[in-house]
Structures are given as structure tokens and as C-alpha cells.
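Trainee: Each chain, letter by letter, is given below.
Protein chains: 2
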Amino acid sequence: MVQMLDTREDGFAARFEELLGMKRESSTDVNDAVAKIIADVRARGDEVSSISRRNSISWDLREAGLAVTEADIAGALASVEEDTVEALKLAHERILAHHSRQLPASESYIDATGVELGQRWSAVSSAGLYVPGGTASYPSSVLMNAVPAKVAGVERLVMVVPSPRGELNPLVLVAAALAGVDEIYRVGGAQAIAALAFGTETIRPVSTIVGPGNAYVAAAKRQVFGQVGIDMVAGPSEVVVIADKENDPAWIASDLLAQAEHDAAAQSILITDDAGFAEDVVAAVETQLKTLPRAQTARASWDEFGAVILVGSLAEAPALSDRLAPEHLEIATENADALAEEIRHAGAIFVGRYTPEVIGDYVAGTNHVLPTARSARFASGLGVLDFMKRTSLLKLDAESLKKLGPAAMTLARAEGLDAHRRSVGIRLNLPD
Amino acid sequence: MVQMLDTREDGFAARFEELLGMKRESSTDVNDAVAKIIADVRARGDEVSSISRRNSISWDLREAGLAVTEADIAGALASVEEDTVEALKLAHERILAHHSRQLPASESYIDATGVELGQRWSAVSSAGLYVPGGTASYPSSVLMNAVPAKVAGVERLVMVVPSPRGELNPLVLVAAALAGVDEIYRVGGAQAIAALAFGTETIRPVSTIVGPGNAYVAAAKRQVFGQVGIDMVAGPSEVVVIADKENDPAWIASDLLAQAEHDAAAQSILITDDAGFAEDVVAAVETQLKTLPRAQTARASWDEFGAVILVGSLAEAPALSDRLAPEHLEIATENADALAEEIRHAGAIFVGRYTPEVIGDYVAGTNHVLPTARSARFASGLGVLDFMKRTSLLKLDAESLKKLGPAAMTLARAEGLDAHRRSVGIRLNLPD
Numbered sequence: 001m002v003q004m005l006d007t008r009e010d011g012f013a014a015r016f017e018e019l020l021g022m023k024r025e026s027s028t029d030v031n032d033a034v035a036k037i038i039a040d041v042r043a044r045g046d047e048v049s050s051i052s053r054r055n056s057i058s059w060d061l062r063e064a065g066l067a068v069t070e071a072d073i074a075g076a077l078a079s080v081e082e083d084t085v086e087a088l089k090l091a092h093e094r095i096l097a098h099h100s101r102q103l104p105a106s107e108s109y110i111d112a113t114g115v116e117l118g119q120r121w122s123a124v125s126s127a128g129l130y131v132p133g134g135t136a137s138y139p140s141s142v143l144m145n146a147v148p149a150k151v152a153g154v155e156r157l158v159m160v161v162p163s164p165r166g167e168l169n170p171l172v173l174v175a176a177a178l179a180g181v182d183e184i185y186r187v188g189g190a191q192a193i194a195a196l197a198f199g200t201e202t203i204r205p206v207s208t209i210v211g212p213g214n215a216y217v218a219a220a221k222r223q224v225f226g227q228v229g230i231d232m233v234a235g236p237s238e239v240v241v242i243a244d245k246e247n248d249p250a251w252i253a254s255d256l257l258a259q260a261e262h263d264a265a266a267q268s269i270l271i272t273d274d275a276g277f278a279e280d281v282v283a284a285v286e287t288q289l290k291t292l293p294r295a296q297t298a299r300a301s302w303d304e305f306g307a308v309i310l311v312g313s314l315a316e317a318p319a320l321s322d323r324l325a326p327e328h329l330e331i332a333t334e335n336a337d338a339l340a341e342e343i344r345h346a347g348a349i350f351v352g353r354y355t356p357e358v359i360g361d362y363v364a365g366t367n368h369v370l371p372t373a374r375s376a377r378f379a380s381g382l383g384v385l386d387f388m389k390r391t392s393l394l395k396l397d398a399e400s401l402k403k404l405g406p407a408a409m410t411l412a413r414a415e416g417l418d419a420h421r422r423s424v425g426i427r428l429n430l431p432d
Numbered sequence: 001m002v003q004m005l006d007t008r009e010d011g012f013a014a015r016f017e018e019l020l021g022m023k024r025e026s027s028t029d030v031n032d033a034v035a036k037i038i039a040d041v042r043a044r045g046d047e048v049s050s051i052s053r054r055n056s057i058s059w060d061l062r063e064a065g066l067a068v069t070e071a072d073i074a075g076a077l078a079s080v081e082e083d084t085v086e087a088l089k090l091a092h093e094r095i096l097a098h099h100s101r102q103l104p105a106s107e108s109y110i111d112a113t114g115v116e117l118g119q120r121w122s123a124v125s126s127a128g129l130y131v132p133g134g135t136a137s138y139p140s141s142v143l144m145n146a147v148p149a150k151v152a153g154v155e156r157l158v159m160v161v162p163s164p165r166g167e168l169n170p171l172v173l174v175a176a177a178l179a180g181v182d183e184i185y186r187v188g189g190a191q192a193i194a195a196l197a198f199g200t201e202t203i204r205p206v207s208t209i210v211g212p213g214n215a216y217v218a219a220a221k222r223q224v225f226g227q228v229g230i231d232m233v234a235g236p237s238e239v240v241v242i243a244d245k246e247n248d249p250a251w252i253a254s255d256l257l258a259q260a261e262h263d264a265a266a267q268s269i270l271i272t273d274d275a276g277f278a279e280d281v282v283a284a285v286e287t288q289l290k291t292l293p294r295a296q297t298a299r300a301s302w303d304e305f306g307a308v309i310l311v312g313s314l315a316e317a318p319a320l321s322d323r324l325a326p327e328h329l330e331i332a333t334e335n336a337d338a339l340a341e342e343i344r345h346a347g348a349i350f351v352g353r354y355t356p357e358v359i360g361d362y363v364a365g366t367n368h369v370l371p372t373a374r375s376a377r378f379a380s381g382l383g384v385l386d387f388m389k390r391t392s393l394l395k396l397d398a399e400s401l402k403k404l405g406p407a408a409m410t411l412a413r414a415e416g417l418d419a420h421r422r423s424v425g426i427r428l429n430l431p432d
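Chain order of the listed sequences is A and B.
Residue numbering for the first sequence is 1 to 432, as defined by UniProt numbering.
Residue numbering for the second sequence is 1 to 432, as defined by UniProt numbering.
By construction, these hints were calculated from the structure, which means they are not laboratory data.
A portion of the hints provided could be inaccurate.
Since the list can't tell identical chains apart, any single copy or any two copies may satisfy a pair.
[What the hints assert, rightly or not] Calculated lysine-lysine pairs in the DSS-like style (CA-CA distance at most 25 Å, straight line): (1) 89 / 150; (2) 245 / 402; (3) 150 / 290; (4) 89 / 290; (5) 403 / 89; (6) 245 / 290; (7) 402 / 89; (8) 245 / 89; (9) 23 / 36; (10) 23 / 150; (11) 23 / 245.
Take the sequences, apply the hints, and build the full model.
Mentor: See below:
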């Protein structure tokens with residue numbers, strides 16, 4: 001049974017804190033196991049990948065090789081339905097168009113002192129994209145991770161994906177081809193992350209690794225961080241829906257369930273100012289669960305982590321939502337734009353009754369890789385900048401150095417760094 | 001004795017690989033100790049900070065309290081030399097001016113389908129700034145870390161700094177006051193990071209933590225990553241200098257030593273096309289070491305990690321430098337601008353003979369917190385964006401949902417996510 005809170009009831013603050021502090025992920029400590037795998041891959045390369053694959057499958061992948069071929073991709077394309085490919089193409093086109101606007105501008109200017117200052121954005125040379133196997137192997141996620149990399153200008157985009165029974169989701173291959181992925185390897189788990197970070201005989205190392213994965217993959221990304229760049233370590237998905245009573249309860253229920261069906265650890269929260277509407281939504285959730293193929297997962301999520309928060313006024317909603325800092329926030333109210341203006345911490349905001357979060361999962365053009373577990377307080381969704389870095393540039397001449405140098409020398413002395421002081425003084429003919 | 005390489009000699013590739021692979025930091029494993037400290041701070045708060053401080057100092061800080069007061073800052077200001085304060089003010093002004101140009105623009109637009117897409121940048125609400133104690137307690141670093149936070153719009157900027165004998169570097173306090181730091185606490189080490197991440201009775205938690213520190217601080221930042229945002233974990237400083245024979249060898253030697261005096265694990269590398277010039281620089285380093293107060297540190301760095309790379313032509317230099325992906329790159333050649341254009345991986349580039357790296361350490365306006373240990377391949381220097389996050393916004397109406405919805409439904413079906421499909425279909429009156 002989903003929990004119901006009311007901001008006007010005694011003990012709301014404590015119950016809300018509890019909701020905020022809820023741990024939705026079992027924190028199995030796989031750090032030691034992962035450290036061992038990484039060391040092993042660094043020492044033995046491809047061999048490790050092969051062995052680990054052989055342990056979990058009957059088909060010997062070493063025969064087929066790690067690399068996915070052009071023929072594999074052609075085969076995949078031939079095997080999938082045309083309307084799905086068309087939908088992927090539309091998604092690709094829209095993601096490409098939106099992310100192209102994220103390209104940062106390099107700049108250079110000369111200030112009043114005659115100093116030339118610049119910042120130059122450039123792409124990482126290579127990036128790795130982890131794609132989970134099994135049920136979480138989503139073609140949409142391939143697009144969401146690969147397109148920003150290609151927009152950034154990454155020359156070598158390498159995808160890794162486990163193929164437990166020698167099989168790959170053909171749509172994942174189609175999406176990779178659409179997005180311009182350059183290399184694909186059949187390898188998963190911590191060993192795939194290690195291979196991307198340090199390289200093996202088959203897989204050359206990359207500069208940055210992105211993409212979701214299980215606890216082993218997450219731990220491996222954390223451990224190789226520094227050797228390579230990584231994106232956020234993503235947790236279970238979540239949505240907050242702020243809704244007034246003018247909504248069709250069934251629409252809102254379907255949105256809550258769309259989140260809940262992802263994962264038993266997903267979280268769906270409704271904030272509303274109408275008790276009757278809240279009850280209607282809860283009833284609609286029950287009705288819809290009856291005909292939902294993934295009802296077991298969705299029910300587990302809804303019963304354990306779902307919540308309905310009743311507020312005296314919807315004006316209270318933005319502050320509550322900011323505390324939750326949700327990955328996804330839907331605002332289905334009369335004054336949705338005004339409420340959206342007040343939000344400070346959310347991965348993505350879906351404004352108005354005709355903007356279900358699902359549209360952002362697939363075809364809107366915005367990215368669906370978003371900060372989870374309250375990290376929207378400090379983190380952003382995946383974007384073009386995650387595949388770029390900024391180099392600063394400075395250029396002084398004798399004149400401008402004469403103007404700025406003495407202050408630098410004063411600070412160097414104050415910090416006790418005499419070679420610093422000398423490096424400027426020697427150019428200005430100033431004694432040590 | 002500094003090592004000399006020549007791209008034309010046999011075995012250069014192997015020696016260069018060795019240079020690239022050089023481990024300059026002893027990797028003491030402090031992870032378990034740090035995990036214990038973090039757990040302890042979470043359980044006992046301020047008490048832990050007090051105890052740990054009492055273990056290393058004789059003066060009981062609990063009497064004075066953790067917080068630095070207005071009076072402490074006024075006292076600091078009165079105790080420092082006026083020309084140093086003036087230099088800090090100049091540095092502050094210039095850093096502020098340059099970083100103000102980094103503020104990203106939020107945007108919103110309606111595309112041809114009628115979909116409103118937006119991205120809204122906003123500051124993190126609060127940030128923590130770690131400042132090391134002892135010799136590495138640099139006022140310039142306080143400015144470099146604090147100014148971008150304030151430019152971003154961070155409302156609550158909290159500085160932590162250990163005060164081993166109850167003392168603080170007064171210039172650090174002056175810099176903090178100049179930069180607009182809101183709270184300062186006398187606490188250091190992993191417990192300071194834990195306090196910033198999880199909060200104690202005295203210190204409210206923050207959203208993002210930046211700033212350099214020792215192995216404990218670095219490990220703590222890594223462990224709290226996810227709970228809060230963190231900047232890069234910085235390693236020892238480094239410089240690559242590309243120089244032709246037209247330079248005064250003493251100038252280049254002073255630049256190499258300015259880097260080397262930071263830390264015995266710092267690294268200074270000269271790339272030049274003239275063997276005689278290389279010898280002159282090496283001789284000038286020896287001469288300058290004789291009169292350098294921090295000669296012991298600088299010599300250790302130069303002898304163990306320094307290198308001179310002779311190239312047949314300076315045209316080879318950019319590719320070599322890109323492999324090293326240095327934190328700092330000086331280009332002191334005739335065609336410095338053209339060479340700078342070819343560089344892809346560097347934290348900062350200092351162009352021309354009158355741009356010693358030191359000018360960027362203090363007063364140029366660019367940030368001196370830059371990616372080390374080859375991480376310039378994927379990471380940027382500290383900037384305003386490190387204290388901001390991007391929220392994406394979407395708004396559809398009935399018409400635009402009708403256009404995009406069917407493709408989303410197709411993809412949801414392909415991914416086996418029926419509640420996703422329903423969430424769109426229910427709004428379009430399309431059956432499941």
C-alpha cells in the first residue's frame with residue numbers, strides 16, 4: 001500500500017525526512033571483487049574477458065570474436081520492424097537537433113591590460129559507452145549516450161555490451177549504427193569498464209566512459225575515475241508529479257506507473273492539493289496494474305517507495321520538490337509554467353498536462369540520462385559538455401607583463417614560492 | 001640528474017611510454033581509515049572533529065569554537081602587509097572579470113513540431129571549499145576556488161581549513177573575505193569533508209565540495225561523491241615547456257623550477273629542437289637551484305621526474321605534448337600561436353615568451369585549478385560550471401503530443417515498457 005503524507009498533519013516533517021533518507025538500493029559491497037577484476041584485465045587483457053564470458057554462457061564467444069561486425073549490424077537491421085526503425089530515426093534526429101544547441105563557443109579576447117585570455121572547448125578523443133545486457137538493454141539509451149558524444153566531436157566512440165547467450169538486442173545495434181558508434185565489443189561487467197579504461201589487445205583505451213550498469217559496473221566506473229572521465233553513477237529512476245484535481249486521474253496514474261515499471265527500486269511520488277483526487281489516482285493505479293505486463297515490478301516499487309503528499313496549497317509544492325530534487329518532475333497544473341519557474345533542483349521538468357515524462361524518454365530531443373537520488377542538487381543530465389573539455393589560453397607581451405608582473409611577484413613572495421617570483425622577475429629585470 | 005630523451009634515438013618510444021606511465025604519487029591506501037572517519041562523523045558530528053583536532057594539537061579548539069569570526073578576519077586583515085592585500089585585490093578583480101564570462105545562458109525555444117524545449121542553468125545552493133593547512137595553505141587558491149562559486153551564484157559558500165596549532169594563515173582569511181566566503185570552520189582532513197557532505201551540529205551540509213588536500217582528503221572526496229558533487233582529485237603539479245633556442249635559457253629554467261618547487265612529485269618537462277639550448281637550460285637550472293630557498297624540493301622533483309625531450313623539429317612537439325596532456329603548457333617559440341592551435345589536450349596554454357605560467361597562478365584571471373596526471377585528456381580546469389547544473393524543460397500541447405506520441409509508443413513497445421506506452425496512449429485516446 002502506497003504511503004500517504006499530509007503537510008498539515010503532525011509529524012509531517014519527520015515523515016518527509018524519512019522519505020528523503022529512504023535507501024532504495026541494496027549496497028552490496030563489490031569493491032574488492034571489482035578491484036580484482038580490474039587488476040586482472042590490466043595484467044591479462046582479452047583473456048580475462050573471454051574467461052568471464054565463458055563462465056556465464058554456453059556458446060563460445062571467442063570463436064565469434066569480441067568485435068561486432070558490419071554483417072552483424074546488417075543482420076540486426078534486417079531483423080527488426082520497420083516502424084521501430086523509423087521511430088528510432090525520428091528520435092535520433094530530434095536528439096541530434098537539440099544537443100547541437102549545447103555546443104559551447106570557444107572565445108578569446110584582449111582585456112584593458114593588453115592580456116589575451118581565451119577558453120577553447122575541444123572534444124575528448126575517444127569515449128566508451130556501456131550498454132547493459134538483458135532487459136535493461138535499451139536502444140533509446142544508446143541514442144541518448146552516443147548522440148551527445150558525436151555532437152561533441154568524439155572521433156572514436158566505443159560501445160561495450162554483454163551478450164550472455166551470444167545474443168545481442170538487434171535494436172541496440174541499429175541504434176548504435178544510427179548514432180555513429182565506431183566500434184562495438186561483446187563484453188560486459190567490470191571487465192568491460194577495465195578494458196575501456198586501460199585497454200586490451202582488442203580494445204584500445206578511451207578517455208571517458210559513460211552509460212548505466214549494475215553494481216559491478218558502477219563500482220568499476222568509480223574505481224577507474226581519474227584514469228578516465230566518467231558520467232554520474234546512476235541510481236534507480238524516479239518521478240515527482242505535481243498535479244491539481246483538474247487532471248484525469250488515469251493519466252496521472254499512468255505516469256506514476258511508467259516510472260514504477262522500470263525497477264522495483266524506482267520511486268513515484270504524487271504531490272496534490274486535493275484529497276479526493278489523490279484517492280482517485282491511487283484507485284486508478286490499482287486498476288491499471290491489473291493489465292500491466294510488468295505489474296509485479298511496478299507494484300513492488302509503488303508499494304514500497306511510492307508516496308502521495310497532500311499539500312494545503314500547490315504553492316508548497318516547489319519547495320517540497322526541491323528537497324526531493326527528483327530526476328523527473330511533471331507539473332500538471334493550471335499554472336504549470338509559473339510553478340516550473342520556482343523549481344531549483346530537478347533533472348528535467350515536464351510542463352503541463354500534455355507532457356508525460358515518457359515523451360522525454362524517447363523522442364522529445366532532450367536527454368533521458370538524468371541525475372538520480374537527489375543528485376539534481378548538484379548534477380546535470382548527460383549532455384555534449386560531458387564529452388568536451390576546456391583549455392584556457394593566456395598571452396601576454398612585455399608591456400602587459402610589466403603591468404601585471406609585480407602583483408604576481410608580491411603574491412609569490414607571500415606564499416613563499418621564490419622560483420615563482422623569479423620566473424616573473426627575470427623577465428622584468430627585477431632582482432630576486 | 002634530469003633525464004634526456006631524443007625522438008630520433010632508438011628506443012625513444014619505449015622511454016616516452018615510461019615517462020607517460022611514471023607514477024608520481026605514492027598510493028597509500030587510506031580508504032578504510034577514511035571510511036571509518038566518515039562513518040564516525042555521521043554518527044557523532046562535531047565531537048569527532050574536536051577529538052581528531054585534539055589528537056594533533058595542544059591548544060583546545062573547542063574553547064574557541066569551530067567557526068572563524070568577523071573579529072578573526074579583522075585581525076587577519078590588520079596583520080598582513082598592505083601591498084599583499086592590494087595584489088590579492090587585483091587578482092580577485094581579474095579572476096572575477098574572467099569567470100563572469102563563463103556564465104552559461106539558459107535557453108528555451110519552440111521547434112517546428114510545436115514542442116517547447118529548454119535548458120535552465122542554476123547554481124548549487126551551497127558549496128564547500130577545502131583549504132589545506134601548513135605550507136600548502138595558499139590565499140591564491142582560495143580565490144581560485146571561491147570566485148567561480150560566487151560568480152555561479154552559490155548562496156552559501158563554506159570554507160574549511162585545519163589550524164594545527166590553533167593558527168590560520170591570515171592571508172587565507174583575507175582572501176576568503178575578499179571572495180565572499182560565507183562561513184569558515186577550523187577543521188581539516190577527512191572529517192572536514194565528511195562534515196561538509198553530511199553535516200554536523202555546527203556545519204550544515206553542502207551540495208558540492210571543491211579544493212585540494214592530502215591523500216585522506218582526496219579519498220574522502222571520492223567516497224562522498226554521489227552524496228555531493230566534487231571537483232577533480234588533483235595530483236602533483238606539472239608543466240611542459242616547448243621552447244626554441246631564441247629564448248634566454250635562464251627564463252626557461254626559472255619556469256621549470258617554478259613548477260618543481262611546488263612538490264617533490266611535481267614534474268617539469270622541456271621540449272626543444274636545439275641540443276645546445278637544452279644543455280644551457282639544464283645548466284641554468286643548476287645555477288638557479290643554488291639560490292633557491294625551496295631548492296631541496298625543486299631538485300628532488302627535477303632529478304626524479306624532470307625531463308628534456310629533444311625533437312628533430314618543433315612540429316613534433318604538439319603531438320608529444322598531447323600525449324602528456326599537461327596541466328600547464330608553455331609555448332615559447334617564434335610561431336607560438338600556430339603551435340598553440342595544434343594542441344588538443346592541456347589544462348592551460350601559456351603562449352609566447354612573455355607569458356610565464358606563474359602569471360596564471362596569480363593575476364591573469366584564468367583559473368589555476370587545472371587537470372593533472374594526464375586528465376586534461378577529458379577534464380577541464382575549475383570554472384563557473386562546476387558550481388552549476390542544468391535542468392531540461394519540455395512542454396508539449398495536445399497537437400504536438402499527437403505528432404510525437406506515436407513514435408514514443410512504438411519505442412516503448414519495442415523496449416517492453418507497456419506503462420510507458422500507456423502514459424502516452426491514454427492522452428491520445430489510443431488503446432493499449
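Trainee: Against the earlier hints, flag every one the structure doesn't satisfy and list their numbers going up.
Mentor: 3, 4, 8, 10 and 11
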